[in-house]
Amino acid sequence: MKIRHAVAAGLVVTTMSGCATVTYGDKSAEATLRELQPVPGRVSLYVCREKAAFVGAGNRTTAIVDNKPIGTLKPNNFAHVVVEPGPHSVYIEHNPGGKSGVLNLDTRADEVPIIWVGMTGHGWGVLTVDQFKSRSEAESCVRQAQYAIPTD
Numbered sequence: 001m002k003i004r005h006a007v008a009a010g011l012v013v014t015t016m017s018g019c020a021t022v023t024y025g026d027k028s029a030e031a032t033l034r035e036l037q038p039v040p041g042r043v044s045l046y047v048c049r050e051k052a053a054f055v056g057a058g059n060r061t062t063a064i065v066d067n068k069p070i071g072t073l074k075p076n077n078f079a080h081v082v083v084e085p086g087p088h089s090v091y092i093e094h095n096p097g098g099k100s101g102v103l104n105l106d107t108r109a110d111e112v113p114i115i116w117v118g119m120t121g122h123g124w125g126v127l128t129v130d131q132f133k134s135r136s137e138a139e140s141c142v143r144q145a146q147y148a149i150p151t152d
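In this note's numbering, the protein residues as written are 1 to 152.
These are computed hints drawn from the structure, not numbers from a lab. This structure is a prediction, so every number in the text was calculated from the model and none was measured. In this text, a Cβ means the ideal position worked out from N, Cα and C, and glycines have one as well.
Straight-line Cα separation of at most 20 Å, DMTMM-like style, residue types lysine to aspartate or glutamate; simulated pairs:
#1 68 with 93
#2 68 with 152
#3 99 with 50
Between beta-carbon pairs, the in silico distance windows are:
#4 101 with 133: 14 to 20 Å
#5 104 with 133: 17 to 23 Å
#6 124 with 26: 32 to 38 Å
#7 109 with 131: 15 to 21 Å
#8 97 with 40: 34 to 40 Å
Sequences and hints are given; from them, build the entire structure.
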């Protein structure tokens, strides 16, 4: 029995050692952003990290768009940026860890793309940035998540 408790305690310490601070945006801005409205003539780009199981839940990722951080995310967080139409690159930096691959987008005016970020395999896999499986899944992620901004 003592061995089980020691193993369980070790897993908790290992998992939580990656915990990091996330800074949340203004609640009124969050409510407005959850409406997912286009910005006339521009691109309203969201990056959303879905809820996660216990594994990896304490780790944070920083969403990077065009080499600029737009938000530091834990599971169930989203970040947002307004950009000009055209090509854009999106990736994430994992803390602790490294960088994901880069997702290149070609956006149009008045578009509202929502990008998925996180770890595959329910937190055990690869750091990834990708498209959601469906638009409704993407919108649900943003509407259920908290708005996060970059953390220093």
